[in-house]
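Protein chains: 4
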Amino acid sequence: MASKQPMDDSWAERTRAGFAQQALMRTIGATLTHVAPGEVEIALPSRADLTQQHGYLHAGIITAIVDSACGFAAYTLMPAAAEVLTVEYKVNFIAPAQGERFVARGRVVKAGRTLTVCAGEVQAIRGTRQRLIAVMQATMIAVTARGAEA
Amino acid sequence: MASKQPMDDSWAERTRAGFAQQALMRTIGATLTHVAPGEVEIALPSRADLTQQHGYLHAGIITAIVDSACGFAAYTLMPAAAEVLTVEYKVNFIAPAQGERFVARGRVVKAGRTLTVCAGEVQAIRGTRQRLIAVMQATMIAVTARGAEA
Amino acid sequence: MASKQPMDDSWAERTRAGFAQQALMRTIGATLTHVAPGEVEIALPSRADLTQQHGYLHAGIITAIVDSACGFAAYTLMPAAAEVLTVEYKVNFIAPAQGERFVARGRVVKAGRTLTVCAGEVQAIRGTRQRLIAVMQATMIAVTARGAEA
Amino acid sequence: MASKQPMDDSWAERTRAGFAQQALMRTIGATLTHVAPGEVEIALPSRADLTQQHGYLHAGIITAIVDSACGFAAYTLMPAAAEVLTVEYKVNFIAPAQGERFVARGRVVKAGRTLTVCAGEVQAIRGTRQRLIAVMQATMIAVTARGAEA
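Residue numbers (our numbering), protein chains in the order written: chain A, -9 to 140; chain B, -9 to 140; chain C, -9 to 140; chain D, -9 to 140.
For the record, the hints were derived by calculation from the structure and aren't laboratory data.
Incorrect hints may appear among the rest.
[To be verified] Straight-line Cα separation of at most 35 Å, DSBU-like style, residue types lysine-lysine; simulated pairs:
id	chain 1	residue 1	chain 2	residue 2
1	B	-6	B	100
2	B	100	C	-6
3	D	-6	B	-6
4	B	100	D	-6
5	C	-6	A	-6
[Stated by the list, open to error] To give an idea of the chain D side of the interface with chain B (calculated C-beta under 10 Å), a few residues:
id	residue
6	-3
7	0
8	1
9	26
10	82
11	84
12	85
13	93
14	97
15	107
16	126
[As the list claims (entries may be wrong)] Just the calculated beta-carbon pair ranges, DEER-fashion:
id	chain 1	residue 1	chain 2	residue 2	range
17	A	35	D	88	45 to 53 Å
18	A	-2	B	45	18 to 26 Å
19	A	117	C	10	26 to 34 Å
20	A	120	B	6	42 to 50 Å
21	D	88	A	21	34 to 42 Å
22	B	24	A	39	48 to 56 Å
23	B	121	C	37	43 to 51 Å
24	C	3	D	38	21 to 29 Å
25	C	37	D	7	17 to 25 Å
26	B	6	C	10	51 to 59 Å
27	C	73	A	-2	29 to 37 Å
28	B	69	D	120	27 to 35 Å
Ideal Cβ positions, reconstructed from N, Cα and C, are used throughout, including at glycine.
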């Protein structure tokens, strides 16, 4: 569909470095488990201190990991000098967020010069079973020093 | 616009109890600062361990507090026997999430028997200045034991 | 992913009848080109009287065909006694809507008892080439006489 | 909130001219009823040929008028050399679209150099009564010949 050709050789390194700088991902225990051109996967073990009132993972945390997955998926295809920011996203929650761990996947639907559209999903894993719990549609923006801004 | 008449006398108590049960809100240091029929406000002091790669509050955390604000705003107008779940939301990020603290406000736009539509916003506060950093449009669902489910 | 098993034998007939009753689809010249359990495709020849100020198909018309595609995709999996209504949707426009005709596809991501989540896309066709111009993420609701309502 | 200062003197004229060039608005019978800096209102008389299967105004047409209202609201605050395109929007439908006529209002929430965030709503009018039937949250982009593109 869209070209998934990175614009420079540093895409994987840049993406891993960017993820490592997201303090929130460390705070909640999320790890970067896969990086490819236009695709990123992030895993999060279940934790009781991240839940909402029914004991499910809070929607904001589900959103945090799939936002990071989509944002870094977009980032893999951006120029080395660019930074990525989230313009907006929409998330549907389609099953209770219960599981031993959660896996968020983000992929680029269309990489543009300024804006990149991504699709994301989150699976809840229990043993060998996985269940789709959320889907995201997001818009990311490439920001350079010169400054195309949101 | 929509009727903002609670359906029982326990709305404030129920809402405060529900918020207290959200482990994530404690984990990130968020507090419930205002509850009224169809309106909830949540405050969050800035914390370095909740940021993304540029040092701004992570979009997922911005989303977490405004999702809780919208969800509990909807909950104030639901029957006492109902639980509230997030069906979906959309968030636009309109300025960098920098500040000493953040205030999320959720309000009911339309309370239906099954679904409630909410509008939310997040302000970043620095001294006496506040800046709008995000807006949310969300759909919440009332779930009873009998079980209207998402 | 989700079960795509229709709940009765009339799903195709009901869906075609529902589409035939959408006056707007006749007005703009859209036709139902494919119906399967959880999947619907609608085609629209290009028309100058449906454009915006740059001569592209108006976003509202792109949305109309992909909303109908998603709504009827959800409808194929609903009980015969139910009606389908759109709760909400989000659409990203990712390339100019120029072409000889447009094809909207809707598919069910998750069919629930009350709510169904769908994904949609619109392709612009010119000769043998097609280009993705829009993606939708939508929530549909099953409404019965008894009345679960939005 | 956001500055609503137009960047040139031609904002009203440019906006009226842009609306007049939207063939779809003529086709469906919509008219531009109000233009102010950062605010646009569009009216649409009810018409049976624009309905969905239950006789309500089709969601795509509701969306078309509020998309145009939001897009032109953004356009009033853009430089004279810019064009406006819709990046994405999200719409919630909160009551049946029945009425003698419909009024869509779009307003700018935040005008940025590249992106503008808008909020929109649609009211159904019957006699002296009006009812809120839809709310939109949208992102618009300013495109110049040089070409910041979606």
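ask   = What are the numbers of the hints that this structure violates, sorted from low to high?
value = 6, 7, 8, 9, 13, 14, 19, 20, 21, 22, 27
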